[in-house]
Each structure stands twice: as structure tokens, then as C-alpha cells.
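In order, the protein sequence lines correspond to chains A and B. Sequential numbering from 169 applies to the first sequence in this note's numbering. Sequential numbering from 3 applies to the second sequence in this note's numbering.
Bear in mind the hints are in silico, worked out from the structure with no lab data behind them. The beta carbon of each residue, even a glycine, is placed where N, CA and C say it ideally should be.
Where chain B lies over chain A, by a calculated footprint (3+ residues, C-beta under 8 angstroms): (1) 247-254; (2) 293-301; (3) 336-350; (4) 356-365.
The calculated SDA-like cross-link candidates involving lysine to any residue, where the alpha carbons are at most 25 angstroms apart (straight line), are: (5) A:373 to A:237; (6) A:266 to B:79; (7) A:266 to B:105; (8) B:120 to B:45; (9) A:266 to B:83; (10) A:266 to B:143; (11) B:130 to B:45; (12) A:266 to B:41; (13) B:120 to A:252; (14) B:130 to A:337; (15) B:130 to B:71; (16) A:266 to B:118; (17) A:373 to A:203; (18) B:120 to A:307; (19) B:120 to A:365; (20) A:242 to A:211; (21) A:266 to B:77; (22) A:242 to A:218; (23) A:266 to A:294; (24) A:266 to B:45; (25) B:130 to B:75; (26) B:120 to A:270; (27) B:120 to A:291; (28) A:266 to B:144; (29) A:242 to A:273; (30) A:266 to B:123; (31) B:120 to A:303; (32) B:120 to A:364; (33) B:120 to A:297; (34) B:130 to B:115; (35) A:266 to B:40; (36) A:373 to A:200; (37) B:130 to B:92; (38) A:266 to B:124; (39) A:242 to A:212.
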Amino acid sequence: MATSSTNRRPRWLLVLILAAVILAGILVARFAVSLFSPHLYAGTVFQQSTPAPAMDGLLLDTGQPVNFGDFDDKIVLVYFGYTNCPDVCPTTLRDVAKALDLLGDDGDRVTLLMVSIDPERDELATTGEYVRFFDERFYGVAGAPEATTQVASQYGVFFQPSEVEADGTYEMDHTASLMGIDTNGDLRIVWPPAIEAQVLADDLKALLT
Amino acid sequence: MTRRRFLLVLFFVIAMAGCSTSDSADIVVRDAWSPPTPPVTNVAAFYFTIHNLTTTADSLVGASSSSCDEMQIHESVTTDDVSSMDELLEVPIEPDGDVVFEPNGLHLMCLGLAEPVKVGDSIAVILKFERSGSLDIEVVGDDR
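Isolated chain A (complex conformation) (with noise of 0.2 angstroms):
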């Protein structure tokens, strides 16, 4: 009777410390395999280093012209819009000034340029005043229709104005895509019209590290 009830103890144990073991195999394989798998992004990303076209002829509402190599180091998006814009611009504005809330202190290592693609209506200053008030961190960038056509297609960036209303009002038709240049300069990724604040963050994080 003792010697039978100490065999079974320790082949009890055994089991025990086997199922231990296997959980703690899975639970660290889980860990290593979140820790190597790339992250998979929302946005379509640029394989090959593409390195993003100039703003020629267009100017910063800092009355500087656009040079991506002043930007500290810091992820710049690229947003085609207008201020006439009701609801597209106003919305993707305020989804990346979410996204950038979303990353706190890394928030402060990207910022968005939005290019008037309405140069007959938008100034170079009201521009910037329209994209800081939903982020301090964003920057306008306007310009002569000419330079702002020949910069939208090097962006692959359609506009036109839509039908012009007996008051003379008319909205744009554009391109809503947002684009991310990393700080080699590089055109990185295209995000799609519409892209969900905490997607975008969880994109930008990526990038950022």
C-alpha cells in the first residue's frame, strides 16, 4: 500500500509538470512569433525606394519652399484637399490628428503637408491656418495652377472642378489617398481614401521603428 501510493505520486507530478512545460512552449512560441512576424500594413507599400517627387513651384505656408529634408527627421504625409471641402478633407484631417493622438510622444515625429489642389480659391496662409486647426503639427502647401497640376500628377493625383454652380460655388473632384514619405525621403506607402484613425497609427508606429 505505501510503496504503490508513492510510485503514483511522482508519475502524477510528472504529468502535471509535463503539461507545464508544453503550455509554456506554446505561450513563448506565440511570443516570438508576434515578436518576428512583420506587421502587416494597411496601406500599399512601396517595395523598391522610390524616392518622392519634388513641390516644385509650390511653397510651405512658412513661406519656405518644400524640402523633405527639413523635417527633423519626421515621417511627412502628403494630403491633396481643398477648404471648400465639407466632408472628405475635413474627415481624413481629423483622422490623422487622431492617429498622431493615438501615438503620443511618437505623434511628434510625423506630420502632414496638405497641397491645395484649389489653387484659384485657397491662399497660401488660409491653407495653413485650415489644416493647424486640427493639428498643430500640419503644414499647407499651395502655388500657381500650373505648378500645382504638374506636382498632383507627379503624385498620380487627379483633380477637377466639379459642375459650377448658377452662384459660381463648385466643389473638387480629387484623388483622397494619403501618402507617407519615410525620412530618407522616400515615397513609403499609400494609405486609401477613408483609412480609420487607429489603422493609420498602427501603420505609422511600424514605420517608425
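Chain B: place on chain A using the hints.
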């Protein structure tokens, strides 16, 4: 027991009669809001959810507000990453159906906004329905 049941039936009859005589409850608009707007622009977008509580189809056919020179019913449409806005002359609301106006979709566009929308502001808007007539709503400035 029978008297109690009679009172219960009477209660429901009165309650249903009350519902059917109240025209304003045909259409209910909930969660009407506007994001705050930058001072340098004079356009805004208003969002809300329309509930049709009747068994008859209705349509939103227009809107007006003393805060806007003009209001248009718009839908933002994105095709091949290009966003454009379609002006709609009417938005059908199915019997017992809901229609949601939300960012990047249906919205009331306010042109000639009198003053920038700030958080907590209340903007009086009149919605016009084909069948139910006019409905007064309050659009609230909301930084959600």
C-alpha cells in the same frame, strides 16, 4: 381578474390611439451633429440618423437653416480613390427603415456658414420630408 384584464386592454387601446394621432412621431431624427469647423472655411457637413416609424415610405427632399445661406443633400462617393460629391434631390427612407448620414457618405452640406461651428453649439435646421412635412432638429457641435 376580468376587470384587471379589461383595464389592461383599455390602457393599450388608449396608448395606441395616442401614437396614431401624433404626426410628429412619424419621422424621428437622432444623433444630429457637426464637427467643429475651421474659421477660414464657410462650409460644414451635418450628420444624423433618420428613422421612419411608419409603414409608409418617405423621402428627405430638402433642408434649410438660418445659419447657412444654402443647404444641399450630398453623398461623398469614392471611385478608384477619387472622391467626388453627388447632390441628391431626395433620399428615400423605407417603411420602418433607417438612413444614416455619416462622414465620407451622406451629409447635409451647409454653404455660406454664418459662424464657425464650435463644440457644444446648437444649430437649428429644418428638414423637409415629402410625406411627413417639416421637422425641426438641433445639430450639435461635437468633436467626436
